[in-house]
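Chemist: Below, each chain spelled out in residue letters.
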Amino acid sequence: MKAPLMPDFVNKMELFLQIELKEKMGRIFIFLVLLFVPGFSVKTIAIFFLSASMLPADIKNRRDEALYFLPFSRKELYLYNLGFLLLLVLVSSIITQALWPTTIAEKGMFIIKSINFTLAMFGVVMLCVSQGLDNIGWPFIIVLLDALLGSIGRALINPYSWISFTNQGSILFAFVFAAIICFAGYWIYLKNGGEL
Amino acid sequence: MVLEVKNLSKQIRGKQILSNVSFSLEKGEVLALIGPNGAGKTTTIKCIINALKKDEGEVILFGKPFANEVKTRIAVVPEDRKVFRNFTAADYQRLWQGLYPAWNDAFFRDFVVRYNFNLNQKVESYSIGQRTLFLLGLALSSGAELLLLDEPTQHLDPTIRNEVIHLINQYARLGNSLLVSSHEIFELEEYATAFAIIKNGKVLYTDSIDDAKQKHRIIRRGESFKEGVVVGMIHDEILLKTYDDVGMYPKLNQIVVGYLQGKSADLILAKDLNLN
Numbered sequence: 001m002k003a004p005l006m007p008d009f010v011n012k013m014e015l016f017l018q019i020e021l022k023e024k025m026g027r028i029f030i031f032l033v034l035l036f037v038p039g040f041s042v043k044t045i046a047i048f049f050l051s052a053s054m055l056p057a058d059i060k061n062r063r064d065e066a067l068y069f070l071p072f073s074r075k076e077l078y079l080y081n082l083g084f085l086l087l088l089v090l091v092s093s094i095i096t097q098a099l100w101p102t103t104i105a106e107k108g109m110f111i112i113k114s115i116n117f118t119l120a121m122f123g124v125v126m127l128c129v130s131q132g133l134d135n136i137g138w139p140f141i142i143v144l145l146d147a148l149l150g151s152i153g154r155a156l157i158n159p160y161s162w163i164s165f166t167n168q169g170s171i172l173f174a175f176v177f178a179a180i181i182c183f184a185g186y187w188i189y190l191k192n193g194g195e196l
Numbered sequence: 001m002v003l004e005v006k007n008l009s010k011q012i013r014g015k016q017i018l019s020n021v022s023f024s025l026e027k028g029e030v031l032a033l034i035g036p037n038g039a040g041k042t043t044t045i046k047c048i049i050n051a052l053k054k055d056e057g058e059v060i061l062f063g064k065p066f067a068n069e070v071k072t073r074i075a076v077v078p079e080d081r082k083v084f085r086n087f088t089a090a091d092y093q094r095l096w097q098g099l100y101p102a103w104n105d106a107f108f109r110d111f112v113v114r115y116n117f118n119l120n121q122k123v124e125s126y127s128i129g130q131r132t133l134f135l136l137g138l139a140l141s142s143g144a145e146l147l148l149l150d151e152p153t154q155h156l157d158p159t160i161r162n163e164v165i166h167l168i169n170q171y172a173r174l175g176n177s178l179l180v181s182s183h184e185i186f187e188l189e190e191y192a193t194a195f196a197i198i199k200n201g202k203v204l205y206t207d208s209i210d211d212a213k214q215k216h217r218i219i220r221r222g223e224s225f226k227e228g229v230v231v232g233m234i235h236d237e238i239l240l241k242t243y244d245d246v247g248m249y250p251k252l253n254q255i256v257v258g259y260l261q262g263k264s265a266d267l268i269l270a271k272d273l274n275l276n
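If you're matching them up, the sequences are chains A and B in order.
Take the first sequence: its position 115, counted from the start at 1, is 115 in this note's numbering, and no numbers get skipped.
Take the second sequence: its position 183, counted from the start at 1, is 183 in this note's numbering, and no numbers get skipped.
None of these hints come from the bench; they were simulated from the model.
Hints may be right or wrong, so weigh each one.
Residues from chain B shown here face chain A by an in silico Cβ test under 10 Å; the list is partial [what the hints assert, rightly or not]:
(1) Lys-46
(2) Glu-58
(3) Ile-60
(4) Phe-62
(5) Lys-64
(6) Ala-67
(7) Phe-111
(8) Val-113
(9) Arg-114
(10) Tyr-115
(11) Arg-131
(12) Pro-158
(13) Arg-161
(14) Asn-162
(15) Glu-163
Every residue gets a Cβ at the ideal spot worked out from N, C-alpha and C, and that includes glycine.
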């Protein structure tokens, strides 16, 4: 009999990611390549589809139950997923920005904007699927609405443009708003699953 | 007590699937959750492991209300036998080994050899019977103190079914507990020590098999009795809950059928005979 392995946080995260990567390797690889394109717009598209392809896709396709039968909690699944996404976005942003001829401030801004968008996007997709909506269509409408509302008028007379996760008029306010959306997605997902 | 389910209720899309379901499972016990298709057995199992949020009631595992931490002490064989699409048997072995601290790799390797599983083959490509057996192998290798097995003998051929029943008994003898949902009432006595009959989301009766037999009798239609409650009809016989020494002791499947069948109009006649 083999010595028992203690399923700690890192070990379980690794196991969860093995499942996700093995199940969705093709999709994840394509979006991963897109993440390395330096422009912010292309990156947002990659983040959008990556967010939608992981746990939200399992929930939408009712394949998440297989995960709940195993020793995973919803809290862990959410955090592993978000952690993995943030890691991918951060690493790809650092690599692309290191190779791109921009100032340090611009590089930093790009990385933070990417992180903000990831937080908001994952939260939005999780909110949608937790409400029984799909993982692509509704989130896409919400992104469009956010972009539309954020681009109306000048920044001074449109406070939404400061917090909009597509516009990010103010990096700090946009971060707070993105974090709130992300937390809302987490809260609703756990609440619906009886973990809160 | 390993598992205590108290007044569990669940509604899905407006339909009451479970209504005040209560039963308990002791250490080393095999409890059969018996009922027809759609009775609520699978929903009960899903609510116990929190794969599905319960509406009301309590699930107490190992003496404490359900917490995610206990999931490493519970292994499940789900009814739909859904597996990860690209996972080979070897991937499953690594996954379960990493998730279950008490994983018994020697047992798993013996199991794989005995039933001739190809570890490099995707589990989804197995036949439904092979998949059932493979998932059972994982559960039995997990070292979990509580197994929740949803229709574990369904899709298995008779020889393997007997072997699985033997393995279930062996696992329970190690001090582990098993909750087995089934509608195969004729094989229950081979592995179960206790049972709960569930119909339309309600537990009609729960007891140990020995006690249940003591508390019930089978009488012929028209036969009179002094004390007791008529439970239901079994063809031309009547299942009676009584301590009176009348009729015959029932078999487990007769008790189950009696409860599931319930009282029919014919029984009114039998009830009248009670007065004679």
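Chemist: Next step is simple, just say for each hint if it's right about the structure.
Modeler: Okay, the hints, checked on the actual structure:
A cut of 10 Å between beta carbons decides the hint on Lys-46/B: the least distance to chain A is about 8 Å, and the hint holds. Checking Glu-58/B against chain A: minimum C-beta separation of about 12 Å lies over 10 Å; hint violated. The interface hint given for Ile-60/B is broken, as the beta carbon of that residue sits about 15 Å from the closest beta carbon of chain A, more than 10 Å. The beta carbon of Phe-62/B comes no nearer than 14 Å to any beta carbon in chain A, farther than 10 Å, and the hint placing it at the interface is violated.
A distance limit of 10 Å between C-beta atoms decides the matter here; for Lys-64/B the minimum to chain A is near 15 Å, and the interface restraint is violated. The restraint placing Ala-67/B at the interface with chain A holds, with a minimum CB-CB distance near 9 Å, inside the 10 Å limit. With 10 Å as the threshold, the beta carbon of Phe-111/B stays out of range of chain A, its nearest partner Cβ sitting at about 14 Å, so the hint is violated. About 16 Å separates the beta-carbon of Val-113/B from the nearest beta-carbon of chain A, more than 10 Å, and the hint is not met.
With its C-beta approaching chain A no nearer than about 17 Å, Arg-114/B sits outside the 10 Å limit, and its interface hint is violated. Here the hint on Tyr-115/B is broken, as its CB sits about 20 Å from the closest CB of chain A, past 10 Å. The interface hint given for Arg-131/B is violated, since its Cβ lies 12 Å from the closest Cβ of chain A, which is over the 10 Å cut-off. Here the hint on Pro-158/B is broken, as its CB sits about 28 Å from the closest CB of chain A, past 10 Å.
Annotation: Arg-161/B was flagged as interfacial toward chain A, and the flag is violated, the nearest CB pair being 23 Å apart, outside 10 Å. Using the Cβ-Cβ criterion of 10 Å, the hint placing Asn-162/B at the interface with chain A is not satisfied: the shortest such distance is roughly 26 Å. Given hint, Glu-163/B at the interface with chain A, is violated; its Cβ is 22 Å from that chain's nearest Cβ, farther than 10 Å.
When the structure is compared with the earlier hints, violations turn up for hints 2, 3, 4, 5, 7, 8, 9, 10, 11, 12, 13, 14 and 15 and for no others.
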